[in-house]
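Engineer: Take the given structure of chain A and dock chain B to it, following the hints.
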Amino acid sequence: RKEVEQDPGPFNVPEGATVAFNCTYSNSASQSFFWYRQDCRKEPKLLMSVYSSGNEDGRFTAQLNRASQYISLLIRDSKLSDSATYLCVVNTNTGGFKTIFGAGTRLFVKA
Amino acid sequence: SQTIHQWPATLVQPVGSPLSLECTVEGTSNPNLYWYRQAAGRGLQLLFYSVGIGQISSEVPQNLSASRPQDRQFILSSKKLLLSDSGFYLCASRDITNEKLFFGSGTQLSVL
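Residue numbers (our numbering), protein chains in the order written: chain A, 1 to 111; chain B, 112 to 223.
No wet-lab data here; the hints were simulated from the structure. Every residue gets a Cβ at the ideal spot worked out from N, C-alpha and C, and that includes glycine. Incorrect hints may have been included.
Stated by the list, open to error - If you want a taste of the chain A side facing chain B, the calculated C-beta under 8 Å gives, among others:
1) F34
2) R37
3) R41
4) E43
5) N91
6) I100
7) F101
8) G102
9) A103
10) L107
11) A111
Claimed, not checked - Chain B regions said to be covered by chain A (calculated; three or more residues, Cβ under 8 Å):
12) 178-188
13) 214-221
Next comes chain A alone, as it looks inside the complex (with noise of 0.2 Å):
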């Protein structure tokens, strides 16, 4: 089993609409969490840190299950920008903080 999965993509929405993306990880004593966004052949960049108790962020919220090991991403009012592969990305300190991409869910946004 991988360490972190997510949905497979690719997502094909409309402008205007709501998406939510998933991600389930398999160690229980992973510490944080996080959503990054990645353009093509570019670097990710930090999207969003994920808590239990919620992150908002604008157009993004980012929630928390430790308990199912489960940790989401809903984008509201989707624009053409935010055409992009998202990954969910948790540490695990290890000595060093390890940190474990999923394989990223690819969307697109359509006028």
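Structural biologist: Then chain B, alone, in the frame of chain A:
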């Protein structure tokens, strides 16, 4: 915040040739450093990470090696490249007070 310098941006190498990719970090000290590889259309695979000078942890058996000769320098090497070594290589850094990763701009390696 940190700045990660990674070069070159693009590299084409013949099978069997050696490889050396260098990554340097500014704006922090004693960072955790990482090398990732991303095959076309795939996710990021963690290759190596380091918590300090001379300390390297390898995540997968492979044709590559890593070294950390200085606090803010991380090098990825190979003695003889294979076709399967092609991919997008990313260096990343995290300082000890911040759980977030900062990435270099990546090296697209094509082994022909």
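Engineer: Now, for every hint given, state plainly whether the structure supports it.
Structural biologist: Hints, one by one, checked against the model:
no., hint, in the structure
1, F34, "7 Å, holds"
2, R37, "12 Å, violated"
3, R41, "7 Å, holds"
4, E43, "4 Å, holds"
5, N91, "6 Å, holds"
6, I100, "6 Å, holds"
7, F101, "4 Å, holds"
8, G102, "6 Å, holds"
9, A103, "3 Å, holds"
10, L107, "14 Å, violated"
11, A111, "24 Å, violated"
12, 178-188, "violated (count 0)"
13, 214-221, "holds (count 5)"
Consistency note: the structure conflicts with the earlier hints numbered 2, 10, 11, 12.
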